[in-house]
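Enquirer: With chain G fixed as given, assemble chains U and D onto it according to the hints.
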Amino acid sequence: MNIAVCIKRVPDMESRFRIAGSGVGIDEAGLKFDISDFDAYAVEVALQLNEKAGAGEVTVICLGPDVVQEIIRKALSMGAAKGVHLKADAVPADSLAIAKALAAELKDGGYDLLLFGKHSLDAMTGGAGTMVAQLLGLPCLTAASRLEITDGKAVARRELEGAAESLTFALPAVVTIDEGIARPRYPSLKGIMAAKKKPLETRPAQLGDARVTVDKMALPAERPAGRIIGTGPDAVPELVRLLQTEAKVL
Amino acid sequence: MTTDFFDIDSALSEEERAVRESVRQFVDDRVLPIIGQHYIDGHFPLDLVPVMAELGVFGANLPEEYGCAGLNNVAYGLIMQELERGDSGVRSFASVQGALAMYPIFAFGSEEQKRRYLPAMARGEVIGCFGLTEPDYGSNPSGMITMAREQKDGSWVLNGAKMWITNGSTAHIAVVWAKTNGDASDKSIRGFIVPRGTRGFTSKDQKGKLSLRASDTSELVFQDVHLPADAILPGSGGLKSPLMCLTQARYGISWGAIGAAMACYEEALDYAKNRVMFDRPIAGYQIQQQRLAEMLTEIVKAQLVSLHLGRLKDAGTMTPQQVSLAKRNNVHIATDIAREARRLLGANGILAEYASMRHMANLESVYTYEGTHDVHSLILGQAVTGLNAFK
Amino acid sequence: MPNILAIAETRGGELRKVALEAVTAARALADATGGGEVRALVFGPAGIGARAEALAQHGADKVLVCEHAAYDKADAESMAATVVAHAAGSAVVLFSASAQGRDLSPRVAAGLDAPLLADCLTVSGAKGGVTVTHPTYTGKVIATLTATAPTVVVSMRPSAVMPAVNARPLAAEPVAPASDPAASRVKVTEVVVGGGGKLDLGEAPVVISGGRGLKEAANFKLVEDLAAAFGNAAVGATRAVTDDGWRPHSDQIGQTGRLVSPDLYIAVGISGAIQHLAGMRTSRTIVAINKDAEAPIFKVADYGIVGDALEIVPVLTAAVKAARAAH
Chain G
1 MNIAVCIKRV PDMESRFRIA GSGVGIDEAG LKFDISDFDA YAVEVALQLN
51 EKAGAGEVTV ICLGPDVVQE IIRKALSMGA AKGVHLKADA VPADSLAIAK
101 ALAAELKDGG YDLLLFGKHS LDAMTGGAGT MVAQLLGLPC LTAASRLEIT
151 DGKAVARREL EGAAESLTFA LPAVVTIDEG IARPRYPSLK GIMAAKKKPL
201 ETRPAQLGDA RVTVDKMALP AERPAGRIIG TGPDAVPELV RLLQTEAKVL
Chain U
1 MTTDFFDIDS ALSEEERAVR ESVRQFVDDR VLPIIGQHYI DGHFPLDLVP
51 VMAELGVFGA NLPEEYGCAG LNNVAYGLIM QELERGDSGV RSFASVQGAL
101 AMYPIFAFGS EEQKRRYLPA MARGEVIGCF GLTEPDYGSN PSGMITMARE
151 QKDGSWVLNG AKMWITNGST AHIAVVWAKT NGDASDKSIR GFIVPRGTRG
201 FTSKDQKGKL SLRASDTSEL VFQDVHLPAD AILPGSGGLK SPLMCLTQAR
251 YGISWGAIGA AMACYEEALD YAKNRVMFDR PIAGYQIQQQ RLAEMLTEIV
301 KAQLVSLHLG RLKDAGTMTP QQVSLAKRNN VHIATDIARE ARRLLGANGI
351 LAEYASMRHM ANLESVYTYE GTHDVHSLIL GQAVTGLNAF K
Chain D
1 MPNILAIAET RGGELRKVAL EAVTAARALA DATGGGEVRA LVFGPAGIGA
51 RAEALAQHGA DKVLVCEHAA YDKADAESMA ATVVAHAAGS AVVLFSASAQ
101 GRDLSPRVAA GLDAPLLADC LTVSGAKGGV TVTHPTYTGK VIATLTATAP
151 TVVVSMRPSA VMPAVNARPL AAEPVAPASD PAASRVKVTE VVVGGGGKLD
201 LGEAPVVISG GRGLKEAANF KLVEDLAAAF GNAAVGATRA VTDDGWRPHS
251 DQIGQTGRLV SPDLYIAVGI SGAIQHLAGM RTSRTIVAIN KDAEAPIFKV
301 ADYGIVGDAL EIVPVLTAAV KAARAAH
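Residue numbers (my numbering), protein chains in the order written: chain G, 1 to 250; chain U, 1 to 391; chain D, 1 to 327.
Same shape as in the complex, but just chain G (with noise of 0.2 angstroms):
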């Protein structure tokens, strides 16, 4: 199959954030940055279903500046065979901005799968895939967490609160991934060599206006210290007398 997967660069989520001086944004001085988890599924799943079929290529999409070119080697030395760096200086906080981007650069790309993740750890809209399916009129299937596929069929899962739906639909379409359905592959030693020889595209992305700006970014109130009330079973009572009487949970 000739699968497409869009990806995001975002900071370590185990970092400890600052604010930036504008107070718009965060302070990206030493942090670390990768693969969004869920989109880095989405790779995995794409590469699975590829090697299980013994056929077909994955093309991995970044939008941002030409720092995510990084990821998009990383997800190359995964095993994806092409990647496209849709460039922008900054990425919106308009996921339908970030949409319509994607959108005009897979319409003619004659993908069987679109992969998205289920949203991206930083902004957390989780809007962009599923939009992207609405403006190319595919299906969509919105958080996978399981997914086969044969003869162009496929199968899924999804996760709702409590209760899970088991879902058919043709390709192609639109899948956003969820937990649960793979961890990604190490990039091998020798895929990260192969990943240089590998086409990567740079194009300029199709940003319309962006409709939704950031007025600002805090950092949540910190907790007030907690405390050891004591060790071992014995310190069950006064837990309970806690919980009734300071926290009033019980």
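In case anyone wonders, no lab produced these hints; they're calculated from the structure. Be aware that a few hints might be false.
Subject to a maximum C-alpha distance of 30 angstroms in a straight line, what follows is the list of computed DSBU-like cross-link-like pairs (lysine-lysine) [unchecked claim]:
| # | chain 1 | residue 1 | chain 2 | residue 2 |
| --- | --- | --- | --- | --- |
| 1 | U | Lys114 | G | Lys197 |
| 2 | U | Lys301 | G | Lys32 |
| 3 | D | Lys291 | G | Lys107 |
| 4 | D | Lys17 | G | Lys248 |
| 5 | U | Lys273 | D | Lys187 |
| 6 | U | Lys273 | G | Lys32 |
| 7 | G | Lys153 | D | Lys291 |
| 8 | G | Lys248 | D | Lys291 |
Note that the coordinates shown come from a computational prediction; the quantities given were computed from them, not determined experimentally.
Expert: Chains U and D in isolation, oriented as in the chain G frame:
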């Protein structure tokens, strides 16, 4: 969790950083969660071998035409650094497989031997070990008594014993260095590939180790072991051959020691920032800050030594004496850092769930093997004075 | 005076709690911006119209009832088309950011060429637009965003809004699906509800999670017993134990799993990896039980007990049972 105080990353290429990240992820996900228990149990985690092979760490700096990753030597060093950040025993497995078993076949083997063994070893399907050290000949390998005698039909009969052999019991093949045909001079030393199962070849685990416990260390015994003519590594000859292999391994070890030091430093730093005593984190006390500053400084220096050494190796100008300087320095500072980290961790520092004491114990072996610290002192001494102080 | 269209989610013929949250949020926003009209749109199988009353109780001036046999299951394509068809005149189309809401809202936004403000904690009217606060970077940074457009699609994080009664006289109106569900290209073949009538992690006032400190999968029984003692608790898990197959992935709480914010979160044998904290850090009260006093979980816990979870949890279960029986 990165120690890059001197922005050494800016001196690495994107591929080198990507290689480091891949191995780091593997170690974080697959080695760190299980290695403490394997250390206590005294087993090497063999089920990691296929994963390491898939990643491409075996013989990573050997050419692609033999199924290897074909990386440069800085990338190779970074692999060793990251593996040893996990455990010296895990890195020892990779060092032996790559630098001491695959490398001699690559450097001294026939084309047929290279094609027969190297791709399978890169895939982790054939595990190798390196038989040089003997019970009575450690720092003085030229004194070895293991002897191979050529027969009329070109085959060989091998007798002798090797000791302290990493991977000795798990290896499918042993690359054994022996003197030949009764000649006691080290000029007669040749290399032989001895497959497990050959009659007369036995191995025995060495028990009771308090260091490098997550590693297989064995004695090898050869009693009238018959080897076909094509068991010999045709390009091998003299003590120089095994020493060339050791130079490869020592280069990787100089990087590996940095990994162990980084693991201990980061564990100590993290602990110090979180552990509160007398109303503030112990990281706020002068003695702990001094400890951390020392550790950081030595790590940065060691990184720069190995990085430059790697560039020299890639340029083809690296000398064994330069490797001696790097191995000697980096392992030495790592042993100090591990010990100081252990002390900073206080009582918690003696528990297996903290890495420092395991690294501390492991590094004693690394200090001693591949040329003891003292031997490297004499190598450097001879290099600068011209005078041999070995005897 | 902006008008607001709120989408009220149902399952199995009943309104979900998030439906009331959506209508409450819409009502509050309308009242804060001059008292515009709040319409609620509800989808369901035959008889769903009976639920319209509850929506009027929570502030809907009008309830659009889209009843169709196919809506015993959700059908994103026809439901999104129906929302788009009825959005005319609404300055805001408001969803809950439930799984269904996160599926429908982007489709509606693209269909209306409207910006999407998703997974919000608060929403307010700005000049010619809508301003929200929204957790970003796994909740470590709170962003304030403004969208300026004639129509804006907003989704509210579940449990960020407390349903509030603000009754209106019921004015219900039937509407037909804007496209035939049978023609939708993605078909739901089955909906399996979680076994045993268990409370969903996102709705339970109490969540008790287990991690590696439980030593083996069978010991999750202790956590389940504790949940049963509370009576209103759901059981979650860390990524480590779901990866090992002790619990299903859908139970995972964390950065790439469920995000929960219950009144009480009890972390049993959990060290407190950052990616786990991302999933529960906003819980009102956090209790941690772990044998390592230096475990990071104790940094976020209000109350901690150091010790072996296998010994402590049964004692806690008995104590909770006794405390509840005494009331």
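Enquirer: Are the hints correct? Go through all of them and say.
Expert: Hints, one by one, checked against the model:
no. : hint                 : verdict
1   : Lys114/U to Lys197/G : 27 angstroms, holds
2   : Lys301/U to Lys32/G  : 23 angstroms, holds
3   : Lys291/D to Lys107/G : 55 angstroms, violated
4   : Lys17/D to Lys248/G  : 23 angstroms, holds
5   : Lys273/U to Lys187/D : 53 angstroms, violated
6   : Lys273/U to Lys32/G  : 21 angstroms, holds
7   : Lys153/G to Lys291/D : 50 angstroms, violated
8   : Lys248/G to Lys291/D : 26 angstroms, holds
When the structure is compared with the earlier hints, violations turn up for hints 3, 5 and 7 and for no others.
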